[in-house]
Amino acid sequence: MKMILTGLRFIGKYFSVVMDEQIVAPIGFNVIFPGMLSLAIGMGLEFPVRQTHVHGILHLREMELKRFGIVNSGMKIVPYFLILSVL
Numbered sequence: 001m002k003m004i005l006t007g008l009r010f011i012g013k014y015f016s017v018v019m020d021e022q023i024v025a026p027i028g029f030n031v032i033f034p035g036m037l038s039l040a041i042g043m044g045l046e047f048p049v050r051q052t053h054v055h056g057i058l059h060l061r062e063m064e065l066k067r068f069g070i071v072n073s074g075m076k077i078v079p080y081f082l083i084l085s086v087l
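Going by the UniProt record's numbering, the sequence shown opens with residue 1, and the numbers climb by one from there.
Warning: the hint list may mix true and false statements.
Cross-link-like lysine to any residue pairs, in silico, SDA-like; alpha carbons within 20 angstroms at most [as the list claims (entries may be wrong)]:
#, residue 1, residue 2
1, Lys13, Val54
2, Lys66, Tyr14
3, Lys2, Met43
4, Lys2, Tyr14
5, Lys13, Leu39
6, Lys13, Thr52
7, Lys13, Ile32
8, Lys66, Arg50
9, Lys2, Glu46
10, Lys13, Glu46
11, Lys2, Leu39
12, Lys66, Met19
13, Lys13, Ile27
14, Lys66, Ala25
15, Lys13, Met3
Because the hints were derived from the structure by calculation, they are not lab data.
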């Protein structure tokens, strides 16, 4: 339970970072953070934010993954951290 609360605090703290286009996020943050959010939603957790913001964050993740050609491409999925290691 403590880890869930820690994760929820992390998501709450950094939710605005993903939404703010003026803030330059660390490499990979725009994929990893929405992935965490998606997993949390899949576990049935709810967040006190607008659903449109959640959809926007998840859309940004999909765009980032498409940029590297690893979504809906039919090719083998490469772990995202491997892509980051060659950037």
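Results for each hint:
Of the pairs offered as hints, the one joining Lys13 and Val54 holds, with about 14 angstroms between alpha carbons and a cut-off of 20 angstroms not exceeded. With a CA separation close to 23 angstroms, the supplied pair Lys66 and Tyr14 exceeds the 20 angstroms bound. Restraint check for Lys2 and Met43: satisfied, since their Cα atoms lie roughly 16 angstroms apart, inside the 20 angstroms limit. Restraint check for Lys2 and Tyr14: the C-alpha separation of about 19 angstroms stays at or below 20 angstroms, so the hint holds.
A threshold of 20 angstroms between alpha carbons decides the hint, and for Lys13 with Leu39 the separation of about 17 angstroms falls inside it, so the pair holds. Taken as a hint, the Lys13 and Thr52 pair is honoured in the structure, with Cα atoms around 18 angstroms apart against an allowance of 20 angstroms. With a CA separation close to 15 angstroms, the supplied pair Lys13 and Ile32 stays within the 20 angstroms bound. The straight-line distance between the Cα atoms of Lys66 and Arg50 is roughly 25 angstroms, outside the 20 angstroms bound, and the hint therefore fails.
Taken as a hint, the Lys2 and Glu46 pair is honoured in the structure, with Cα atoms around 17 angstroms apart against an allowance of 20 angstroms. For a cut-off of 20 angstroms, the pair hint linking Lys13 to Glu46 stands: about 15 angstroms separates their Cα positions. For a cut-off of 20 angstroms, the pair hint linking Lys2 to Leu39 stands: about 17 angstroms separates their Cα positions. The suggested pairing of Lys66 with Met19 holds, with an alpha-carbon distance near 19 angstroms, which does not exceed 20 angstroms.
For the hint pairing Lys13 with Ile27, the CA-to-CA distance comes to about 18 angstroms; that is within 20 angstroms, so the pair holds. The suggested pairing of Lys66 with Ala25 holds, with an alpha-carbon distance near 18 angstroms, which does not exceed 20 angstroms. Simply put, Lys13 and Met3 have alpha-carbon atoms about 15 angstroms apart, close enough for the 20 angstroms limit, and the pair holds.
Going through the hint list in order, the structure does not satisfy hints 2, 8.
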